[in-house]
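Dock chain one against chain two, each of which comes alone in its own frame, and use the hints as you go.
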Amino acid sequence: MELSSFFLMRHEMVLLAIALILIIAEILIPKQKKSSAVHLAIFLFGIHTALGFFPLEESSLFGGMFRTNSLIHFFKNVLNIGVFILLLQSADWIQEKIVKLNRGTEFFILLFFSLLGMYFMISAGDFLMFYIGMELSTIPVAALAAFELVKRTSSEAGIKLILSAALASGISLFGISLLYATSGSIYFHDIIEVITSNNLTILGFVLFFAGLAFKISLVPFHFWTADVYEGAPISVASYLSVISKGAAVFILMILMFTVLRPLMEVWENMIYVVALATMFVGNLFALRQQNMKRFLAFSSIAQAGFILLGLITGTQLGTASVVYFVMIYIFSNLAAFGVVQAISLKTGKENIDDYNGLYRTNPKLSLIMLLALFSLAGIPPVAGFFGKFFLYTAAASEGYYFLVFLAVVNVTISLYYYLLVVRAMFLRTNENPIPFFNNKLYMRLGLGITVIGILVLGVYSPLYDYIYELSAVFNQ
Amino acid sequence: MNISYLFLIPIIPLVVFLVLGIFNKKIKPAVSGWIGVAGLATSTILSFYAAFQYFFVTGKLDGAYQTFTKKTVWLNFTDTLHIDLGILIDPISIMMLIVVSTISLMVHIYSRGYMKEDPGYTKFFAFLSLFTFSMYGLVLATNLFQIYIFWELVGVSSFLLIGYYYTKNSAVAAAKKAFIVTRFADFGFLIGILIIGFYTGTWDFETLNNPEGAAIANWASTSFMGLSVLTWALILIFIGGAGKSAMFPLHIWLPDAMEGPTPVSALIHAATMVVAGVYLVARLFPMYYFVEEGFVLNIVAYVGAFSSLFAAIIAITQTDIKRVLAFSTMSQIGYMMMALGVSGYDGHEGVGYMASMFHLFTHAMFKALLFLGAGSVIHAVHSNYLKDMGGLRKHMPITNITFLIAALAIAGVPPLAGFWSKDEILVAAFENSQFLYSIGILVAGLTAFYMFRLYFGIFWGKETNYAHKPKESPRSMTIPLVILAIFSIVVGFIPFSEYVTADKLGFVAHLNYPLAATAVLIGLIGIIFAWIFYKKENDLAERFANAFGIFYRWTSNKFYFDELYLFITRKLIFKRISAPIAYFDKKFVDGTMEGIGNKTLVVANKIKGIQSGKVQDYAFGFISGVVVLAIVFIYLWTN
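From first to last, the protein sequence lines stand for chains A and B.
Just so we're aligned, residue 1 is where the first sequence starts under the numbering used here, counting upward by one.
Just so we're aligned, residue 1 is where the second sequence starts under the numbering used here, counting upward by one.
Hint data in this document are derived by calculation from the structure and do not stem from the laboratory.
Treat the numbers as computed from the prediction; the structure is a model and nothing was measured.
Hints should not be assumed to be uniformly reliable.
Said to hold, decoys possible - Ranges between beta-carbon positions, derived for each pair:
id, chain 1, residue 1, chain 2, residue 2, range
1, A, L455, B, F77, 18 to 28 Å
2, A, T429, B, I631, 19 to 29 Å
3, B, K571, A, D353, 16 to 26 Å
4, B, I631, A, S185, 24 to 34 Å
5, B, T592, A, L427, 24 to 34 Å
6, B, Y5, A, T429, 46 to 56 Å
7, B, E206, A, Y460, 40 to 50 Å
8, A, F405, B, R570, 31 to 41 Å
9, B, N605, A, D353, 16 to 26 Å
What the hints assert, rightly or not - Over the 12 Å line for every Cβ pair with chain B, so calculated as not near, a few chain A residues:
id, residue
10, L8
11, Q32
12, G64
13, N69
14, F205
15, R261
16, Y401
For glycine and all other residues, C-beta sits at the position ideal for the given N, C-alpha and C.
So here's chain B without its partners, still in its complex pose (with noise of 0.2 Å):
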C-alpha cells in the first residue's frame, strides 16, 4: 500500500495554520473560516480515503491487517537508537485519523457560526488548524520519541484554545492549571520514554511492539525494587496518558478546562485529545500486555474503573452543563481504560482492546455532538447554568432532538451507537472480573441518570424567564448537530471486532444477551428516575439533596479536589519546600553566579586598555604571541 499521500493529511493543517498566523491581520475573518473548513475538508476526504483502501483494499495479508510506515531518520544516537519522523498505519491510527477529521471538521464548520462575532476569529481558526495538524501527528507517529513531540505540541495547542478569552481570569488560570498538571504527568512519560530508549535500545513501535522481539522477549532482564525496569517505565508512560485523559488523581483540570470556547472543547477535550492517553496504551498495547505478565494493565483498569465511577457520581451534581460533560467524558474515558485493562491479546480474549477503540470511536461522535449541542443552547442563552435554561425544546427543535439522539447514544439505549460499544465492554470486563462489572454497571445507570436530568433540565422543566426569546442557532451550527446524529445512530452497526483488533486478526463478536438486556435495564432505570425528578418542575431533586446532606455536598463540591491540590501545593510545597529551597537558590546559588557575572565585568574592564588602537601594540602582540608559543611548544611541553 502506497501511504505516501498521506503526509498531506497533517500537513495541510499546517500550512493552513501558517497562512492564516502569517497573514492574520490581513484576511477576512469569513474567508480564513473558509481557508480553515477547506483544508480540513481536505484531509478529511484524504483520511477516509486511506481508511477506505486499507481496510478494504491493500491492507490485509493472510487474514492479518498490516502495519504500513514510511519514515526518515531525524536524530541518529546510535544504529539502532535514533528519532525519526513518519507516518505509521495500522487499524488504530486510520481509526483515530477518522476521528481526529470527522470531529475536526464539523467543529471547524460550526465554529463558523459559534465564533461569527468573535475578535479573534482568524487567531481562533489558526489555533485549531495547529491542534489538527499536532493530533494527526500524534496519532500517525511511529515511535516514542514523535508521539511524545506531538504530545506537547497538542498540550500547547490546548492551552492556547482554553486560554483563548484571555481576558477572563478564570480562562488564564484554566489554561494555565491544564497545562501545569499534563506537563507534570508528561514528566513520567518522558522518563518512560528514556528507560525503553536506555534498555531496549529502541523507540519505533513496530520493534518494540513485536510479540517475538527482543524489547518484550527480554523483559525480565533487568528489574528494579521487585519489578521489570519495562514495568516501570510502561507505569511511567501511563501516568503521561492518564494525566492527558483525566484519569484520577490527575483529572482536575478538565472541568476547568471547559472555560475555553465550547467548540474547543468538543473537539479537544472531549473527542480527540483526552482520549491519546488511551490511544497510547493501545499504541503499546503489546508491551502492556506481555511485560510482567499484564502487571500494568491491573493498574490501568482499577485506575479507570475508578476515575469512572468518581466522575460519574460528581456529574450528577453539577449545575454548569459544560461541567457535566466534561465529567461525563471522564467518566467514559474511564470506562475506554477499564476495557483496556482488561482484554487479553488473542482472538476474541482481546475483546476489551476492541471494546475500548470502539468505545472511543463511538464516545468521539456522541460527546462531540452532547458539547455542540451544549454550545448551541449557550449561544442562545448566553449562560452555562442549568437554572438559566428550562423548556428550550419549542424553541430549538433540532439542538433538542439531536441532543437528545447523543443523550439516548450515550445512555446505551440500543439501538444507537454507545449501546454497541459499551455492551462489548461490560463483556470484556464480565469475562475478567466481577467486581469491575459491577462497577461498570453502576457507572452506567448513573450516566443513564445524569445525562437525562441535564436533558430534562435543559429542554423540559419550566421555562425561565429569557430576556431574549432563544432561538434556534444558525445553519452553520446546526448542520454539524444533524450530521453527528446521524454518526452517533449509525456507527454502532460497524463491526468493529473485525477490523480493529489487538493481534489485527479479527474476530465476530457476538451480542451478549443477558448482560446487554442487564444494562438496558440498568439504563433505563436511570433515565426514569431523572424523568420522575426532572421532567415536571418538582422539589423531589432538592429534597434528596437534603436528605443527603454532606454526601451531596461533598459531591458538588467535586470531593474537595481542588482544595486538597491548593492544600498540598500552597501550604506544604510551596511554604515547606520551595520556600527554604528558593531561599538557598537565591541567597547562594545566585549570589554565587552573580559573583562571577560581576567579575566578568570587571575583568572586562581591566583588559579593556589591551585593544589600544595601535598597530605597534598590535604587531607587538601578535609578535610576543608568536614566541610565547613558539617558547612553551618546543621546550616546555615536548620533554
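Isolated chain A, as found in the complex (with noise of 0.2 Å):
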C-alpha cells in the first residue's frame, strides 16, 4: 500500500490533526486568552470545510474497511458545512458562558470527536470500521450534552444520553454479530455475496436496525430525544438534530440499499410500519410542546419520518432525494436552532409563549425564524418544499401512494404547530417582549448562511441534478 492512498483519508485526517492542534493549543494559550481558542477553532475548521471541497478519488482502503466515494464525499462536505455553521451560531454562547468555566477548547474537541466519528462511520466497509465509528460519534456527544454542569438538567441530558445510547449499540452490536453469524463475514462486500433472507438474518438485521434507529430517533426508538434536547445546551442539540441524524440516516440508506438488498422485501415493510409510526407520533407529540427545544426535538422526529419515505424506495432517486432533503433539512433546521439559541443566549427564554410579538422588537430573527419554519413545514418557494417534493416523487414512483398520502396528511398536521410558533412571533401581542438586540458577527454569519442556503437551494435545480448523478453510485 502506498503512502499516498492515506489522502483518501484526507477529512479525517485533517479533522484529526485540527482537534490535536487544539489539544496543544489549549495547553499552550494562557487562561486569560482562551478565548482566542474559539477563533482558532473556527478558523481551522473552515479551512478544512474549504478543503473538503478538492475532488477525491473512489477507491477503499485497509483491505475494505474504509472506502469512499464521490457520494459519500458529497455527504461529508454536507456534514462540514452543517458543523461549520453551528459552530458560528455558538461561538458566542462559548465565549461567554464556556470559555469562563475554561472549557472552551473542549467543546470543539470532543465535538471534532464525534465528527470525526461519523466520517469513519459513512465511509465504513465492515460492520467493525461501522461499530467503530458509531461509538466514536456518540460518546463525546454524551459528554457534550452534560456540559453545562451548572445546570442539572443538563446532566440529566448526559446520562440519559448516555444510558440510552449504551443500551442501544449494544443492541446493534449484537445485531451485527448475528449477522456475522449467518454470512461468515464482516465485510461488506462478502456479505452482499452470501447473505439471504432467514429468521436469523432477519434478527439480526432488526437488532441492528434498532441501533441506528436511536440516532435517527426513529419510533419507538425516540424517547431519550425531548428530554436530551431539552435539558442539552442548545448547540448539542442542534448537532444532534442535524449532523448526527443526517449522518445516520445516510449511513442506514447505504447500508440497506447494498449489503442488506437482498433482504429488502423485510426492510421495504419494516420502513413503512416505522415511517408511517414516526410521523404520526413525532407530529402528534409537537402539538403540545411549550418549550422550543422539546417543540423542536419532536419536530425533527417526525422530519425523520419523512425521511424514510425515500429510503422506501431502494432506488437512485430514493438516494438522490434522501441526501437532497438531508441537506436542505441540516440548513433549515440550523436556522430554527440559530434563532433559539439568540434568543435563548440573551433573555434565557425557551418558551413559544416568550415569543410572542417578536417580529414588532426582532423583526429579522423573526422572519428568519419564519422562513426556517417554512421551510421545514415544506411551503414553497422555500427549499423544503423541493425536499419534501422529491420525496413524495421517489416514494409515489415506486407506488406507495398511499404513504404518500398518510405523508402529506402529516404536513398538514405538522403546518398547524409550525405556525402556531409564526403566530407568536407575528400576531400575537406581549407586555412584556424580548426586547431587541444585536447579533454578533458569528451569530448573523451563521444565521445568514441558513437563510441563503433556505432560499437557493431549493431553485437552485443544478445541484439535484448533481446528487442524482452522485447518487448512482449505491444504486447499480
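The structure is reproduced here in C-alpha cells:
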C-alpha cells in the first residue's frame, strides 16, 4: 500500500490534526486568552470545510475496511458545512458561558471527535469500522450534552443519552454479530454475496436497525430525544438533530441499498411501519409542546419519518432525494435552532409564549425563524418544499401512494404547529416582549448562511441533478 | 451572436429593486431616484446596442432573421418537457426590449418630478424597477412557462402600482379589480399551457413555432368537441392575453386602473403590460396561423375589432381625461389584435402581423406621451376632470405642443408615426375583409374626434377659474415629453416590414394611396368635428348629448358593463352559487376537518403520558419495539 493512498482519508486526517492542534493549543494558550481558541477552532474548521471541496478519488483502504466515493465525499462536505454553521452559531455561547469555566477548547475537541466518528461510520467498509465509528460519534456527544455542569437538566440529559446510547449500541452490536454468524464475514462486499433472507438474518437486521434508528430517533426508539434536547445545551441539541441524524440516515441508506438489499422485502415493510409511526408520533407530540427545544425535538422526529419515504424506495431517485432532503433539512433546522440559540443566550427565554410579539421587537430574527419553519413545513418556494417534493416523487414512483397520502396528512398536521410559532411571533402581542438586540458577527454569519441556503438550494436545480448523478454509485 | 450579456438587461432592474426594497428607509429619496434612473439607463443602452447588433450586424443568415436562445433547464419533467429559464432573441423580442426600455426610462425620469412630494418615493421606484424586471423577463421568455411566471409577476407589480395610493379606497378597489379580472383570465392561460405541455410534450417556443415541427404538423391528431385540442389551448391562451390586454369583455379593469399614479398608467397601462396580450399572440403566431387553418385568428380579429369600436365609442363621452386615454388604449390594442387576426404568414401576406407590431411600437411612443402629458396637466391643475381644465395652452406651452403632436399621431395625420402603422393595419384589414376594414376606418374617425375633444377641452376653450395659476411642469417632466414627441414624429419612418415579419424574411411595404387618403380624410373629419364642438365654448356638444339621450347615457356609463358584472357576481354567483357552497364548506368540510383536528389534539393529550422522563421506561419502550418488530417480521410477515 502506498503512502499516498492515505490521502483518501483526507477528511479524517485533517480533522484529527485540527483536534490535536486544539489539544496543544489548550495547553499553550494562557488562561486569560482562552477565548482566542474559539477563533482558532472556527478558523481551522473553516479551512477544513473549504479543503473538503477538492475532489477525491474513489477507492478503498485497509483491505476494504475504509472506502470512499463521490457520494460519500459529497456527504462529508454537507456535514462539514452543517458543523461549520453550528460552530458559528455556538461561538457566542461558548465565549460568554463556557470559556469562563475554562472549557471552551474542550467543546470543540469533543465535537470534532464525534464528527470524526461520523466520517468513519459513513466511510465504513465493514461492520467493525462501522461500529467503532458509531461509538466514536456517540460517546463525545454524551459528554457534550452534560456540558453545562451548573445546570441539573444538562447532567440529566447527558446521563439519559449515555444510558440510552449504551443500550442501543449493545443491541446493535448483537445484531451485527448475528449477521456475522449467518454470513461468516464482517466485510460488506463479502456479505452481499452470501446474505439471504432467513429468520436469523432478519433478527440480526432488526437488532442492527434498532441501533441506527436510535440515532435517527425513529419511533419507538425516540424516547430519549425530547429530554436530551431540552436538557442539553442548544448547540448540542442542534448537533444531534441535524448532523448526527443526517449521518445515521445516510449510512443506514447505504447499507440497506447495498449490503442488505436481499432483505429488501423485509425492510421495505419495516420502514413503511416505522415511517408511519414516526411521522404520527412526532407530529402528535409536537402539537402540545411549549418549550421551543422540545418542540423542535419532536418536529425533528417527524422530519425523520419523512426521510424514510426516500429510504423505502431502494432506487437512485430515493438516494438522491434523501441526500438532497438531508442537506436542506440541515440548513432549515440550523436556522431554527440558531434563532432559539440567539434568543436563549440573550434572554434565557425558551418557551413559545415568550416569542409572542417577537416580530415587533426583532423583525429580522422573526423572519429567519419564519423562513426556517416554512422550510421545515415544506411551503413553496423555500427549499424545504423541494426537499419534500422529491421525497414524495421517489416514494410515489415506487407505488407507495397511500404512504405519500399519509405523509401529506402529516404535513398538514405539522403545518398547524409550525404556524403556532409563526402566529406567536407575528400576530400575538406581549406585554413583556423579548427586547431588541443585535447579534454578534459569528451568529449573524451563521444565520445568514442558513437563510441563503433555504432560499437558494431549492430553486437551484443543477444541485439536485448533481446529487442524482452521484447517487448512481450505490444503485447499480 | 453572443447574447450572454443580455442577461444583464433584466438583472439590473432586479438588483435595483432589491437594493431599493431592502434599504427602503435608509436611502435618501433623491438618491433612490437616481439609482432607478441609472440602472434603467444601463439596461436601455444595452437594449439599443443589442438591437443594433441584431438588426444590422449579426442577426441575419441567408436573408432571414435568426432566433438566438440561451437557457438552462430549471425543472425537469420528462426528456422533452421541462421548464427552462433563459432569454430568446428574435425580431419581436428585440423590438419589445426597445419599447420597454425607452418608455420605462422616460417614465423613470418623469417620475422624479411627478412623485417629488410623495412620501413613498423610494418604494415607488422599487416597484417601477420590479415591474420593469418582470416585463423584460416576459419579453425575453424562451418558453410558455417562463412567460407565465413573468406574466404573473407583471400582474403583481401592476397590482402594487395601481394600489399605490393605498389610503384611497377607490385605488385599493381598482387594484383588486385589476388583479382579479386578469387572474381570472390567466386561469385560462394556465390551462392552455398545461394542455400544450400534455399534447405536444414541450413548452419551448422554438420547437412549438417551427412550421414543420411536430407540434404544428400533428395539430389534428386529437380533437375535442369538434375542434383540435390545440385549438382549444390556443383559445384559452388568447383568453389570458385578452385579460391582460383589456379586450372585450375582460376590459373592465383598465379604466379603474387609472387610479394609479399617472407615470404608472403611462408605463404599464398604455405602453407595455397591456400589450403583453398582443405580444403573446405574436409570440405564438405560427401556431395560431397553422393550427386548424387559423381558426383562432378569426376569433382574435373579431374580438379585437369589436373591442376597438366599443372602446372608441365610450371614449367620446368620458370626462376624466385619464379614462379617455384608457379607453383609447383599449381601442388601439383592439386594432393591433385585429391586425394580427387578419394576418397571413408568408411574405407580404404577413402584413397584418407586421402592422400589428408596428402599431404596438408607435402606439407605445405616442400613448405614453399622451399619458405623461395628461400627468403634466393633472400635476398643474390637481384634477382629472375636463371641467376643471381649459385654456391651458398659454400656461403650459411645452405640454401643449407635445400633446398636440401625440394627438395628431394617434389620429393618423401624416407624416407622424401613427399614420404609417395605422395605414398598414387598414391595408391588412382591407385585403382580408371589407367588414373589418369598415370598422377600422370608423374607429379611425372616432379616435380623431375624441382625441381632439380632449385636446381642445384641455388646452383651448374657456379658461376655468384656477385656484392657483397653473404653470409649466419642471424640467424632469418636460424633457421626457419632448423626447417622446420626437419619437412620435420619427419612428413612423422606420421600414418596419424589413425587420419584423411573421416569417422573419422581410418584405418591402408600399403605401396604399387610396386607402391612406381615405383614412387621413376620415381622421381630418373627426378633427374638424371636434373643432366645431369644442374649440370655442358653445352648447353644441350639450345639444347633441341631449338629442342622443339614452345613447349618450349608455356610453357615458360604459354601457353599464360594470353594473352587469356586479349583477352577475353579486346577485347570481355569490347568492345562488357561492352561498350554498360556502354553507356546505362551513358545515361539512370544515366540520369534518375541525373534528379531525380536535381528535388529533385529544390523542396528543392522551399519549402525553408515554413520555414519562424515566430512562427505565424508555429502555422498556426500546426493547419492546425491537421485540415487536422482530416478531412481526420473522413470524407474521414472511410466510
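- Message: Need the list of violated hint numbers for this structure, in ascending order.
- Response: 2, 3, 7, 14
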